[in-house]
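Those protein sequence lines, which keep their order, are chains A and B.
Heads up: the first sequence at position 236 corresponds to 236 in the working numbering, and the numbers run straight through without jumps.
Position in the second sequence (first residue = 1) + 450 = the working numbering.
Any given hint might turn out to be false.
[Stated by the list, open to error] Here are the computed lysine-lysine pairs in the BS3-like style, where the Cα-Cα straight-line distance is at most 30 Å:
1) A/K329 with A/K267
2) B/K587 with A/K329
3) B/K639 with A/K267
4) B/K596 with B/K614
5) B/K641 with A/K267
6) B/K470 with B/K500
7) A/K191 with A/K279
8) B/K500 with A/K329
9) B/K639 with B/K667
10) A/K363 with B/K667
11) A/K191 with A/K209
12) B/K596 with A/K329
13) B/K500 with A/K363
14) B/K667 with B/K641
15) A/K279 with A/K329
16) B/K587 with B/K614
17) B/K641 with A/K279
18) B/K639 with A/K329
19) B/K641 with A/K363
20) B/K667 with B/K470
21) A/K329 with A/K363
22) B/K470 with A/K329
23) B/K587 with B/K639
24) B/K614 with A/K329
25) A/K279 with B/K639
26) A/K380 with A/K439
27) B/K641 with A/K329
28) B/K596 with B/K667
29) A/K267 with A/K279
Simulated from the structure, these hints should not be mistaken for laboratory data.
Each chain, written out:
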Amino acid sequence: MTDSFAVSGSLRNRLMLTLIGGAAVLALLLFFVVRNYAVQVAQEGQDNILAASATSILDAASIRDGEVELDMPYSAFSMLSTSADDRVFYAVLQDGEFLSGYEELAFTNSQVFQTDQMRGSDVRKISASRTLIGANRRTELQIVLAQTQDALSETLDRISQNAALLGIGFFTLAVALSFWATSSTIGQLGKLTTSVTRRGPQDLSPFTKPVPREMAPLVISLNSLMGRLDQSLSQSEDFIAEAAHRVRTPLATVRSYAEATLQRVDKEENREAMRSMVKAIDESSRAAGQLLDHAMITFRADHLERHEIDLVDLVADLVQRMTPIADMKDLSLSLLGDPSVPYSGDPVLIQNGVRNLIDNAMKYGPAESVIEITVSARPKPQIMVCDRGSGFPTNEIETLTSRFQRGANEKDTIGSGLGLTIARDVAMAHGGGIDLENKPEGGACVTLSL
Amino acid sequence: MHANLTPTCHEKKIVPDPMKFLLVEDSVDLANAIASRMRQDGHVIDHAEKLEDAADFVATGEYDLILLDINLPDGDGRRFLERHRATDLDTPVIILTARSEVSDRIGSLDLGADDYVTKPFDHAELEARCRAVLRRKSGNAKTSIKIGGVVFDPVAGHLTVGGKAVTMRNRELRLLELFLNAPGQIFSKNKLADRLFSYDEDVSENAIEVYIGRLRKHLAPSELRITTLRGLGYRLDHDG
Numbered sequence: 001m002t003d004s005f006a007v008s009g010s011l012r013n014r015l016m017l018t019l020i021g022g023a024a025v026l027a028l029l030l031f032f033v034v035r036n037y038a039v040q041v042a043q044e045g046q047d048n049i050l051a052a053s054a055t056s057i058l059d060a061a062s063i064r065d066g067e068v069e070l071d072m073p074y075s076a077f078s079m080l081s082t083s084a085d086d087r088v089f090y091a092v093l094q095d096g097e098f099l100s101g102y103e104e105l106a107f108t109n110s111q112v113f114q115t116d117q118m119r120g121s122d123v124r125k126i127s128a129s130r131t132l133i134g135a136n137r138r139t140e141l142q143i144v145l146a147q148t149q150d151a152l153s154e155t156l157d158r159i160s161q162n163a164a165l166l167g168i169g170f171f172t173l174a175v176a177l178s179f180w181a182t183s184s185t186i187g188q189l190g191k192l193t194t195s196v197t198r199r200g201p202q203d204l205s206p207f208t209k210p211v212p213r214e215m216a217p218l219v220i221s222l223n224s225l226m227g228r229l230d231q232s233l234s235q236s237e238d239f240i241a242e243a244a245h246r247v248r249t250p251l252a253t254v255r256s257y258a259e260a261t262l263q264r265v266d267k268e269e270n271r272e273a274m275r276s277m278v279k280a281i282d283e284s285s286r287a288a289g290q291l292l293d294h295a296m297i298t299f300r301a302d303h304l305e306r307h308e309i310d311l312v313d314l315v316a317d318l319v320q321r322m323t324p325i326a327d328m329k330d331l332s333l334s335l336l337g338d339p340s341v342p343y344s345g346d347p348v349l350i351q352n353g354v355r356n357l358i359d360n361a362m363k364y365g366p367a368e369s370v371i372e373i374t375v376s377a378r379p380k381p382q383i384m385v386c387d388r389g390s391g392f393p394t395n396e397i398e399t400l401t402s403r404f405q406r407g408a409n410e411k412d413t414i415g416s417g418l419g420l421t422i423a424r425d426v427a428m429a430h431g432g433g434i435d436l437e438n439k440p441e442g443g444a445c446v447t448l449s450l
Numbered sequence: 451m452h453a454n455l456t457p458t459c460h461e462k463k464i465v466p467d468p469m470k471f472l473l474v475e476d477s478v479d480l481a482n483a484i485a486s487r488m489r490q491d492g493h494v495i496d497h498a499e500k501l502e503d504a505a506d507f508v509a510t511g512e513y514d515l516i517l518l519d520i521n522l523p524d525g526d527g528r529r530f531l532e533r534h535r536a537t538d539l540d541t542p543v544i545i546l547t548a549r550s551e552v553s554d555r556i557g558s559l560d561l562g563a564d565d566y567v568t569k570p571f572d573h574a575e576l577e578a579r580c581r582a583v584l585r586r587k588s589g590n591a592k593t594s595i596k597i598g599g600v601v602f603d604p605v606a607g608h609l610t611v612g613g614k615a616v617t618m619r620n621r622e623l624r625l626l627e628l629f630l631n632a633p634g635q636i637f638s639k640n641k642l643a644d645r646l647f648s649y650d651e652d653v654s655e656n657a658i659e660v661y662i663g664r665l666r667k668h669l670a671p672s673e674l675r676i677t678t679l680r681g682l683g684y685r686l687d688h689d690g
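Using the sequences provided together with the hints, build the complete structure.
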C-alpha cells in the first residue's frame, strides 16, 4: 500500500527538530545571560571593596607640620582579604611623585576601574586621589590600589558551572516536553488511522468520535468521501437487482409463452423450435444467475457475515427446498451424517455453495437414483454430495475446479463448471476448500469443507 | 374392445374442484403467459397488477395459493406478505423473484413465504412447488379424481387402485395425471416427453415406453387401459 503514494518527510521529526533546536538555543542563551550577569555582579562587588579600601587609606592621610603623614590602616587591607588569598598591590604618590609601594602601578586620572596585567596575573586596579590642605600648603595625595582576581575567577567558575547545569537541566526538560507534545499531537492522527483501519469493509458510517479542531476538516472530508462511497455501493447493488429484474422478467414471459405454445402445437418441427427456444432461455438465465451469484459471493467473501448455525439444519432446509425438483427427475435426496454440526459461518453463502453441488449432482445423476448428502463434523465441518452418475473424467479432476471448466463428457448439461467455482469460493471464504473424487462403485463425490 | 369416450364415461369420472390461484405480477405479458399455461391445466387464476388490487382480491375471494412478485409498481411484494401474514390468513404464498437468490432468499422465507421460484422458471417446477406447498399445508381430499376403480390425488401424490394403495414414482404420477385430465385424448411420445422431462435432458423414445409399461402394470387391476396407437401415440381408455 505504501508504494501507491510518496512519503515526504515526517511530521514527527519536523516537530521534534524544531522543538529541540529551539530548546538548545534557549538553553545556551540562558547560560550566557546568567553567567554575564553573575560576572557583572561579582566585578561590581570587588570594585566596591577596592573603592572603599582606597578611600579608607586616603582618609588615614593627614598633614602634620607640613609633611604628609600616612599610616596605612589595617582595616583597609583586611577588607580586601579573600578566601583565595589574593595579593594586593599599592602605590602612593604625592602630586605625581612616587612615595611608596609598587612603582610599576601607574596612576590614572580619577576614579576609574581598570583591568590590567601585573606580574603575570590579572589585576583589578583603582586610582584615587585626595587633596590635603595644611596650614600653608596644599598637596594632592594619590593612591593606586590593585588586587589579583583569583577569588573572583573561582566564584565565576562556580557560577558558570551552575549556569551550565541550569542550561542542561532546562534543555533536558524541554526535550522531554517536546517528546511528549509531539507524540500526543501525532497520537491523535494515529488514533484516527487506527479507527479507520479497524472498520469492517462494509462500515461506511461517518466518524462521530470527538477529534481536535485542527483535524476536523480531515474528518469532515473523510466522512463525505465515505458517504459518497456508501451511496455508490448501494446504487450498484440496486442496479444489479434492477438489471436482473429487467432481464429475467421478459425471459420468463418468453419462456412461459413458449411452454404454453408447446402444449398446443402438434407439428414436430415447430415443437423442436419451441424446445430449442426454452433451452436457450434456460441456458442464458442460468448463466446470468450464476454470474450474478458469483459476483455477490466474491463481494460477500471479503467480509463474511458469520452466524452461529447448525449445518445439518441448513442443509436439511435446502434439501427440502430442492426435493420438488429432484422428484420431477425421479431422483431422491438423502441426508446422512451427524445429527448436529454447529458452525459459525455465513449461512447464505454456504447454502448457495451446497445448492450448486446438489444442482450438479442432479444433473449428472441417472434417473431413479439416490443423491447422498452427508454432513459431518470431523475431521473438519464438511458437506459431501455424491451422485451415482458416471463420475468425473479422471484426467480432468485437477482442472475441474478452476473457473468455467466443464466436464467434457456431459456436453448437454448447462454450465456446471461455474457451480463448482461458486462452491469452491464459498469454501475458501470460510478457510476450507473442495475435493473431487470418484467412488470405486461409480459416481462423483464433491466434498465442501469449511 | 375399448369403449369410446362417451358422456356416460364422463359421468363416472369425479372431477375435483379446480384450484384457485391469485397471481400478483406487474408484467401483464408474463402474467398472461403464466395464466394461460395454468388454465390449460384446468386451474382458475386471478391476476392482480398491483398490491392494492391484490389486497382487494384477497379480501373478496378465497384462494388456494398466491403467486407473488417482489418488484411491484406500488411497493415491495414482501411488505404485502408481511401484512398478509399479520391478518391470520394462512393462504400459502410462493414468491416469484427475479433477483439473485444470494441476497433475497433468506428475507423472503423469513417473512413467511412458503417457497420461492426464480424467474424465468420451468412451469413444471412451479407446479411441483405449488403441490409441495399445498401438501405441507393440508392434505385435503377435494383434489382427488375418482374413475374406473382408481382414486388419484395429484396434490398428495396418492394412487389407490381397487382399494389398494400403489407407490409410484414422480414421473409415473405425472404421466397418469396427464392421461386422467384428458381421457380419450391421444398423446404423442414427444408431447409426453416434453411434459415428463426437463428441456436439458436427452430423452430416448424408449424411456417413454418404459414409463407407459409401468403405468399399465399399476392400472392392471382397474378398468383403465392405456392403448397404443401406432404412429400416433397413447390414449387412456375406460373399459366400461
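Against the structure, the hints:
no.	hint	verdict
1	A/K329 with A/K267	26 Å, holds
2	B/K587 with A/K329	24 Å, holds
3	B/K639 with A/K267	13 Å, holds
4	B/K596 with B/K614	14 Å, holds
5	B/K641 with A/K267	11 Å, holds
6	B/K470 with B/K500	19 Å, holds
7	A/K191 with A/K279	58 Å, violated
8	B/K500 with A/K329	35 Å, violated
9	B/K639 with B/K667	19 Å, holds
10	A/K363 with B/K667	29 Å, holds
11	A/K191 with A/K209	10 Å, holds
12	B/K596 with A/K329	26 Å, holds
13	B/K500 with A/K363	37 Å, violated
14	B/K667 with B/K641	22 Å, holds
15	A/K279 with A/K329	17 Å, holds
16	B/K587 with B/K614	25 Å, holds
17	B/K641 with A/K279	16 Å, holds
18	B/K639 with A/K329	18 Å, holds
19	B/K641 with A/K363	22 Å, holds
20	B/K667 with B/K470	33 Å, violated
21	A/K329 with A/K363	9 Å, holds
22	B/K470 with A/K329	27 Å, holds
23	B/K587 with B/K639	35 Å, violated
24	B/K614 with A/K329	25 Å, holds
25	A/K279 with B/K639	19 Å, holds
26	A/K380 with A/K439	20 Å, holds
27	B/K641 with A/K329	17 Å, holds
28	B/K596 with B/K667	19 Å, holds
29	A/K267 with A/K279	18 Å, holds
Consistency note: the structure conflicts with the earlier hints numbered 7, 8, 13, 20, 23.
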